[in-house]
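Trainee: Listed below are the residues making up each chain.
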Amino acid sequence: MLGAVAALAVLSPALRGAPDSYPLSTYPMFSRAADAEVDLSLVIGRTATGERVELSPRLIADTPEVIVAGGTINIAVRRGETDELCERVARRVASSERDEVLTVEVVTDTVDSVAWYEGDRSRTTELLSSCEVLR
Amino acid sequence: MTVATPAATTRSASPWWFRPARPELLAYQRIATGLFAVGYLAIRFTHITGVRHFEADRFDPVGPVALLVDRPVAGSVVVGVTAVALASAVAVTVGWHYRITAPVCALAVLWSLTYLHSWGVVLHTDNLLTLHLLVLAVVPAADALSLDERRGAGRWTPSPSYRWPLVVLGAITALGYVVAGWAKLRNGGLDWVDGEVLRAHVASDNLRKELLGDLVSPLAGPLVGVSWIWGPMAVGALVLELGAPLAVIVHRWARPLAVVAWTFHLAVLGIMSILFPYQLLGVALLPWVLAAHELEPTPDPEAP
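Line by line, the protein sequences give chains A and B.
At position 10 of the first sequence the residue is numbered 10 (our numbering), and the sequence of numbers has no breaks.
Start counting at 1 in the second sequence, then tack on 1000, and there's your number in our numbering.
Chain B extracted, bound-state conformation (with noise of 0.2 angstroms):
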């Protein structure tokens, strides 16, 4: 358990980042995080264990699991960690033995999500979910509004240890979206920028779709229509993920980005019917709104 240091209530000549902040914004972090984690596993946990019955020969092993293993694991193994993470993160959310059960959901979200991923199709759409799990586990996310605390660990006083991890969680999301754009700047080269190569995209994303038998975007056909809207949304786009930082570097800006990074995802799944829903309901980017939460300095009420 992090000691908790005295509370400061006045501005700090400290970067922002470590200015003192109450054990109950970091708490919300862990709850909203832990409940997504509950409500996607039960939701996904058919289709999460399904891959016990896929063949053999599509295993194709990536990230930790590469690491460990080379051939499938028994199906008892995959619905047995994706149970453990389950229930841990039901633990995690409400803040019980979080010490031991944190670490435990990590790594078994980690196990069971990479294990997912290696069959051949690498999904981005959970990656911050498993990577904020990770980080959660080895911070003290719940010394307020949990189990713990009730069970008398004590009160704690505002610390920059409440602070710092969820700038290293925006910092995640942030550097997230900074690949992202790297990636298209690398792999596209300018022509991305003028719109074409997102237009292309987003026609052969949605007719895949359409002659694989999967929903498809309404708005597609008519958007891919107007050549020239994809000019300013790929510009748009590039520009959000490469000043995503600034959501974790300037506090005043979190809100701000936070919105439009929401929105972003609106319009993706609007547009490319692809659904991020650990961003769109907004707990991906909560982050950079809870580590830019009441940086202002309390009024003193002693003060003339």
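Just chain A, with the same shape it has in the complex (with noise of 0.2 angstroms):
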């Protein structure tokens, strides 16, 4: 009986087309068609001179785990709440020793992944969201 329900348990997000969830999970990571191609959403900094910086998952979402921070950002971009996102991490920096980051920004890099690690580094850039870094 308690395999039974156990085994239903498991089987059914997938019976049912459920959505993720936890701790009964469709597992659909890395299973849907993909493209080299791929859009990823960013929150970067710029410097005086405009060079762009990376930011920490810290300063981003106020964790340590970057597969956390990436979401903060992908539901925030869902939500059409980058500028709030972005202020949020612009009083973080503030508060942070990067002084030489001035303006944060959110943006959206178009990348072929596969050309990437064969050497081809280009990206295109769309700028969603920017805020000063205000001290």
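The hints are simulated quantities; they were obtained by calculation from the structure and are not laboratory data.
One or more of the hints may lead you astray.
Label pairs and their computed distance ranges (CB to CB) [said to hold, decoys possible]:
#1 Arg135(A) x Arg1099(B): 55 to 61 angstroms
#2 Asp1057(B) x Glu132(A): 20 to 26 angstroms
#3 Val1259(B) x Thr47(A): 18 to 24 angstroms
If you only want the chain B side, here are some residues facing chain A, beta carbon under 8 angstroms, derived [as the list claims (entries may be wrong)]:
#4 Gly1050
#5 His1117
#6 Val1121
#7 Thr1130
#8 Pro1160
#9 Trp1164
#10 Asp1191
#11 Gly1195
#12 Leu1207
#13 Arg1208
#14 Gly1213
Glycine included, C-beta positions come from ideal geometry on N, C-alpha and C.
Relying on the hints, combine the two individually framed chains into one complex.
Mentor: Here it is as structure tokens:
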């Protein structure tokens, strides 16, 4: 009985076509048809010279986990809340030691990921939101 | 407490899933899962409880958390439940008041980890830990090698009650692989099999990590450039995932498939920098091996 219940429970998300959840998952990671060209939404910093610099997950989403930071950005983009995210990150940057960062931007980079690892490091960048770091 | 049946030392006509096993076999799994839970919760305690500082608008509840709350709970609840999960995991490991501490541990871990995954990102690296704890909570896994046993609960003889829970745990592990394999065929179709989808996923996943400042596999770059290896790797992954139930159907395949699955997770770590600790430490695969253990008939010393 327990075995049947457990087996049905584990299989049920796949049988029902349910959205991913926890602890019963559809395990959708890496399953979808994928193109080498990917859109990656990021939060970056700009210095006084306009140079692009990376921001840590701690600054982006108050977490050490990169994947959580990435998820936070994706949710903001999906909900159209990139301005709010941008200002939140700018406040964290302002109280950090990243004095060289004057502006925070939420962007979407379009990159050919296979070509990237074959040496072609070109990308196109779409600006979604920009905000000043007020100190 | 489940009442054990007398020992059976000869081959039975029943399916091997229900043949008697020593209580120690199930206890080994309890100790392994419990030890893992203790280490996992202790190491990730700050991370798990750190979600209490997240902005409320990031809350996106899933699973049982979505059934119970629609807004974040107080930070003290997050810390409290995670602390209970950790403390009860210690009790589970040593088998102390198991009938109480095991369900408490399973429910506390279920809540804590589901709450952790309720902030926009559902990870898949600790599902099996939670599911295994839920099953272990309702089976007699502390009849041996436990403080409860020392308290005089009595000596237990071999029983099917110590084997079939291992089969259930193994089936949960195996069916998780099946669901993952099915998702690849359903979402990616046969394109997934030629390897280009896998290659693109590996490249884009590593690129995402690189651009977000995360650890990137040193193997990813060189391997993405080698197009012919991705087809065999994709087929191999699918065969393992869809064939995993054989580990709990054909007992002689349990050990070889456990080795193959472990190697698969090692490859995932090496190529994608994705760590499945419960699998890589062997705890998720241990039920396959334990369930299939000691199935051969014991020789009768008085036989001619």
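Trainee: Hint by hint, say whether it matches the structure.
Mentor: Hint check:
In this structure the hint that arginine 135(A) and arginine 1099(B) lie 55 to 61 angstroms apart at CB holds, the actual value being about 58 angstroms. A hinted range of 20 to 26 angstroms for the beta carbons of aspartate 1057(B) and glutamate 132(A) is consistent with their spacing of about 22 angstroms. Distance hint check for valine 1259(B) and threonine 47(A): the Cβ-Cβ separation is about 51 angstroms, which falls outside the suggested range of 18 to 24 angstroms. At a threshold of 8 angstroms, the smallest CB-CB gap from glycine 1050(B) to chain A is about 7 angstroms, leaving the interface hint in force.
For histidine 1117(B), the suggested interface contact is upheld, since its CB lies about 4 angstroms from the closest CB of chain A, less than 8 angstroms. For valine 1121(B), the interface hint holds, since its Cβ comes within 8 angstroms of a Cβ in chain A; the closest pair sits about 3 angstroms apart. Interface restraint check for threonine 1130(B): the shortest CB-CB distance to chain A comes to about 4 angstroms, inside 8 angstroms, so the restraint holds. Against a cut-off of 8 angstroms between C-beta atoms, the interface hint on proline 1160(B) is violated, since the closest Cβ of chain A lies about 12 angstroms away.
At about 7 angstroms, the closest approach between the beta carbon of tryptophan 1164(B) and any beta carbon in chain A falls short of 8 angstroms, and the interface hint on this residue holds. Below 8 angstroms, beta-carbon pairs count as interface contacts, and aspartate 1191(B) has one with chain A at about 6 angstroms; its hint therefore holds. Given hint, glycine 1195(B) at the interface with chain A, is violated; its Cβ is 12 angstroms from that chain's nearest Cβ, farther than 8 angstroms. Given the 8 angstroms rule on beta carbons, the hint for leucine 1207(B) holds: about 4 angstroms separates it from the nearest Cβ of chain A.
Because the closest C-beta pair between arginine 1208(B) and chain A is about 6 angstroms apart, less than 8 angstroms, the hint holds. Evaluation of the glycine 1213(B) hint against chain A yields a held restraint, the C-beta minimum of about 5 angstroms falling below 8 angstroms.
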